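Participant: All chains, full assembly: derive it from the sequences and hints.
Number of protein chains: 4
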Amino acid sequence: MAKPDYIEEMEQWSESFEYGYPVTVRFSETDAFGHLNNTVAFVYFEQGRINFFKDIGLGEEWFSKGGEGIPVTADLHCDYVRQVFFDEKLTVSLKAAEIGNSSVDLHYKVTNEQNAICMIGRGRMVQVSRKTGKALPWTDSARSLLEASRKK
Amino acid sequence: MAKPDYIEEMEQWSESFEYGYPVTVRFSETDAFGHLNNTVAFVYFEQGRINFFKDIGLGEEWFSKGGEGIPVTADLHCDYVRQVFFDEKLTVSLKAAEIGNSSVDLHYKVTNEQNAICMIGRGRMVQVSRKTGKALPWTDSARSLLEASRKK
Amino acid sequence: MAKPDYIEEMEQWSESFEYGYPVTVRFSETDAFGHLNNTVAFVYFEQGRINFFKDIGLGEEWFSKGGEGIPVTADLHCDYVRQVFFDEKLTVSLKAAEIGNSSVDLHYKVTNEQNAICMIGRGRMVQVSRKTGKALPWTDSARSLLEASRKK
Amino acid sequence: MAKPDYIEEMEQWSESFEYGYPVTVRFSETDAFGHLNNTVAFVYFEQGRINFFKDIGLGEEWFSKGGEGIPVTADLHCDYVRQVFFDEKLTVSLKAAEIGNSSVDLHYKVTNEQNAICMIGRGRMVQVSRKTGKALPWTDSARSLLEASRKK
Chain A
51 MAKPDYIEEM
61 EQWSESFEYG
71 YPVTVRFSET
81 DAFGHLNNTV
91 AFVYFEQGRI
101 NFFKDIGLGE
111 EWFSKGGEGI
121 PVTADLHCDY
131 VRQVFFDEKL
141 TVSLKAAEIG
151 NSSVDLHYKV
161 TNEQNAICMI
171 GRGRMVQVSR
181 KTGKALPWTD
191 SARSLLEASR
201 KK
Chain B
51 MAKPDYIEEM
61 EQWSESFEYG
71 YPVTVRFSET
81 DAFGHLNNTV
91 AFVYFEQGRI
101 NFFKDIGLGE
111 EWFSKGGEGI
121 PVTADLHCDY
131 VRQVFFDEKL
141 TVSLKAAEIG
151 NSSVDLHYKV
161 TNEQNAICMI
171 GRGRMVQVSR
181 KTGKALPWTD
191 SARSLLEASR
201 KK
Chain C
51 MAKPDYIEEM
61 EQWSESFEYG
71 YPVTVRFSET
81 DAFGHLNNTV
91 AFVYFEQGRI
101 NFFKDIGLGE
111 EWFSKGGEGI
121 PVTADLHCDY
131 VRQVFFDEKL
141 TVSLKAAEIG
151 NSSVDLHYKV
161 TNEQNAICMI
171 GRGRMVQVSR
181 KTGKALPWTD
191 SARSLLEASR
201 KK
Chain D
51 MAKPDYIEEM
61 EQWSESFEYG
71 YPVTVRFSET
81 DAFGHLNNTV
91 AFVYFEQGRI
101 NFFKDIGLGE
111 EWFSKGGEGI
121 PVTADLHCDY
131 VRQVFFDEKL
141 TVSLKAAEIG
151 NSSVDLHYKV
161 TNEQNAICMI
171 GRGRMVQVSR
181 KTGKALPWTD
191 SARSLLEASR
201 KK
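Protein chains in written order, with this note's numbering: chain A, 51 to 202; chain B, 51 to 202; chain C, 51 to 202; chain D, 51 to 202.
Incorrect hints may have been included.
No copy is singled out in the list; a pair is fine if it fits within one copy or between any two copies.
[Unchecked claim] Once the Cα atoms are required to be at most 30 Å apart in a straight line, the calculated DSBU-like pairs of lysine-lysine come out as:
id, residue 1, residue 2
1, Lys201, Lys145
2, Lys181, Lys201
3, Lys104, Lys139
The set of hints was computed from the structure by calculation and includes no laboratory data. Only a predicted model underlies this, so the values are computations on that prediction, with no experimental measurement involved.
Facilitator: Listed below in structure tokens is the structure:
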């Protein structure tokens, strides 16, 4: 595959992830071509993303009822590198690649048990106010948590 | 297949449906056995059910924000009669088989373009109060709408 | 809830499961009523079922390319007992309740972290020949594996 | 939203679509935030894409058993512009933006009943040989069909 433009140098990028979420491919996620259906990549991304946020200490606020902000997906991208099949054990790795005022750019790397890359991707999440529907800047503590996740 | 016990006489039952909802099998709904994944039957049932309720005049209340009651699935059953493949045009037929105090027993019949039965099923829906979480009896008008759907 | 007719005595039934498969509720599996969408129960059933078959030693044949037989879902039933929400950790318990000539009746019990029952169900799987599309009787070894799973 | 870099001029781009596929948002496709779950965009993209290929005369070969080539997703991108809710009637518009040797870059535009843009996207499909797993150049007739779709 050609290197996606959100990656500067592939090997360095590939080694820059601290967090991984395990996923096993379900049979209902395959399709009649015999492999994982392309749409499921984004289900894995979402599941990985939510657990990444929980892992770094963010996210409880979002998924509890009281919080003011909720995370909204601004965009998502996936490059499909290698076919994936039923019952493969994958790892969805994530990192906060860029931290904005009220948003964060996340990078994704999905690898198999041989540590070969199956999918890579990126996407921007924006924190939005439940009340106004507008972008809600990170609190200092939220920003600190996001930044700390990059220095592990 | 053996006749399910919720059907008294197959031919009569099969002809007793007035409402049908059209569905085309998506590629992402197939699986690596090359056919429609079994779990998708219940997605079609739900989509047919909601549109059946809308068609008979019920349901707007449920899916608007203000309504007191919401429909809750008590049980669901599916008998798989015939394999279904990508891109088949199906009809999900529904009827209110039995009307309880705050519930309704729905019957389902999914047929293909040759009018052959692919899946049949049933399931009980209960109207539940958003506030109390308990069963909420049908209003007279809701009951009338359900009964009218059986006399068309 | 009323006791389903496939259960003789609830407490005894509930304690008769030897195998459990862990599942965490994904955000994409919830719906706008704020809870787990009813259709996902059958995704969990399938995922649990396949892993149950693998656990007892059956199933490798089915999901490898060479095998003659494949498992086909004849029917599925779910009773919804308790609402389930995002991120709950569930256990999908399974057992072979009845073993036929070429089929097996599986029972399902889905419990939460407090061991409270959320869903229960049953469904018949039939082993079908890839070539003829007809029921394929269990081999002696397959039958032994199914029977052994009941005596653990 | 900021204009994605695959779009030169927004209004002209928006009016350049000839093909549209209708989709109604299912309840099972919403999530606990009350709107369409982000992962479903790619289900709509796939469903629109397959029907676009069928509409222009390509695709029958891919989804019949005999064909040598199958379409493989190389990458996919979605920009989320506007929240979408249960039961909205959407149109998934598609066009062949760029035609390569064995690939095609598709653009996507999803609009609601008021013709407001809800999602936009792009993605490259590659025709791959079932036998070799390698890129399979378009036949002249396939290329002609793709090119004809741009001149309607």
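Participant: Determine for every hint whether it applies to the structure shown.
Facilitator: Structure-based check of each hint:
1. For a Cα distance limit of 30 Å, the shortest separation of Lys201 from Lys145 inside one copy, 11 Å, qualifies, whereas the shortest one across copies, 43 Å, does not.
2. Taking the shortest alpha-carbon separations for Lys181 and Lys201, neither the intra-copy value of 33 Å nor the inter-copy value of 46 Å comes in at or below 30 Å.
3. Taking the shortest Cα distances, Lys104 and Lys139 sit within 30 Å of each other both inside one copy (22 Å) and across copies (15 Å).
Against the hints set out earlier in the document, a violation occurs for number 2 only.
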